[in-house]
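From first to last, the protein sequence lines are chains A and B.
So for the first sequence, this note's numbering puts the first residue at 1; every next one is plus one.
So for the second sequence, this note's numbering puts the first residue at 1; every next one is plus one.
Since the hints were made in silico from the structure, they are not lab data.
If you're wondering where the values come from, they're calculated on a predicted model, not measured in any experiment.
C-beta atoms are modelled at their ideal positions from N, C-alpha and C, and glycine is treated no differently.
Don't take each hint at face value.
[To be verified] Label pairs and their computed distance ranges (CB to CB):
{"id": "1", "chain 1": "A", "residue 1": "Arg102", "chain 2": "B", "residue 2": "Pro110", "range": "49 to 59 Å"}
{"id": "2", "chain 1": "A", "residue 1": "Thr13", "chain 2": "B", "residue 2": "Gly42", "range": "39 to 49 Å"}
{"id": "3", "chain 1": "B", "residue 1": "Gly11", "chain 2": "A", "residue 2": "Arg101", "range": "14 to 24 Å"}
{"id": "4", "chain 1": "B", "residue 1": "Thr16", "chain 2": "A", "residue 2": "Pro43", "range": "35 to 45 Å"}
{"id": "5", "chain 1": "B", "residue 1": "Thr13", "chain 2": "A", "residue 2": "Ala129", "range": "45 to 55 Å"}
There are 2 protein chains.
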Amino acid sequence: MSNGGDHDAGGVTQLTLLDSFVGYHLRRASSRFAAGFSESVGPLGMRQVLFGILTVVHDNPGIRQGAAGEALSIQRANMVSLVNELVDRGLIERRVSEVDRRAFALALTPAGEVLVEQGLERIRVNEDALLRTLSPAEREQLVSLLSRIEG
Amino acid sequence: MSNGGDHDAGGVTQLTLLDSFVGYHLRRASSRFAAGFSESVGPLGMRQVLFGILTVVHDNPGIRQGAAGEALSIQRANMVSLVNELVDRGLIERRVSEVDRRAFALALTPAGEVLVEQGLERIRVNEDALLRTLSPAEREQLVSLLSRIEG
DNA sequence: TATTGTTATACTCTATAACTATA
DNA sequence: TATAGTTATAGAGTATAACAATA
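Go ahead and model the full structure; you've got the sequences and the hints to work with.
Dropping the structure here:
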């Protein structure tokens, strides 16, 4: 049948060009994990960025707002509303630093600690599901390769 | 010196919790590659999404707009303005499909073909730079591991 | 009825520039 | 003069719902 040169509607879409690029696969895999995060941790009212901030503050109690953003590659200007959101929800305590009155020292509240623990558990379950096709060794290798190209 | 419990300003920020998660590393690596893409291909007026569409159309001349979006996980509604942009810039030709008059058949214009070639070359250079710390075998392994967790 | 593309809309993430208060 | 945080704003990616034309 002539289809006037149109692409075969029943055919498989080719991705030859994109397939050879690492950036393309990173983009797809990352977006898949982001979707999994939304499904599993979203019901706790958490987004990836917000949870990232919580964990950094968990690991570094009293950290300055700017330093927390720096660790996560979030710009100062964008940290403001994100931290506000966490403070408003009672997950983070923000007080003026005693060593530099320009700065804020961030710490988790008890509610914040609880939410971090709940989130971690859900992320673990989610990642185990998404990575089920990889052996533990392959999974380690993936993390190792990725951390070597992060910067 | 007492700092009232504040985080040591000169200390290294810990990322213990995040570090164990694949999703976190994917997010960082992907964002690094996206920045590299912007730097190298951005001057051609290309963004990752737009270039993705061009390559899919290149690989599948006459493909329906919706099928192209599907291959890239772009929703129908969001394809409209993206394809408009490419058509307005003379990179893609959009004509009513001869086999289904509801659909558009997409194809690259000569200018689109040229831009794809230019873009591919720049992406190659960029990826070689970002992946310089990996051996060819490790690079292949990374792509292989990533494609196994994409879907 | 189902599907293709469209419009309208909203939320989030990211980026820049100009401002304030403290250092 | 430089730094920490703020405000305002704009661009881009992504998501949903309702609609018209066609199958």
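>> If I claimed the Cβ atoms of Gly11 (chain B) and Arg101 (chain A) lie 14 to 24 Å apart, would that claim hold in this structure?
In response: For Arg101 (chain A) against Gly11 (chain B), whose Cβ atoms are near 20 Å apart, the range 14 to 24 Å holds.
>> Quick check on a hinted range of 39 to 49 Å for Thr13 (chain A) and Gly42 (chain B), using CB atoms only.
In response: Since the Cβ atoms of Thr13 (chain A) and Gly42 (chain B) sit about 26 Å apart, the hinted range of 39 to 49 Å is violated.
>> Taking 49 to 59 Å as the stated bounds, is the beta-carbon spacing between Arg102 (chain A) and Pro110 (chain B) within them?
In response: holds, 57 Å
> Holds or violated: 35 to 45 Å for the Cβ distance of Thr16 (chain B) and Pro43 (chain A)?
Replying inline: violated, 25 Å
> Could one say that the CB atoms of Thr13 (chain B) and Ala129 (chain A) fall in the range 45 to 55 Å?
Replying inline: violated, 30 Å
The structure fails to meet hints 2, 4 and 5 from the earlier list, while all remaining hints are met.
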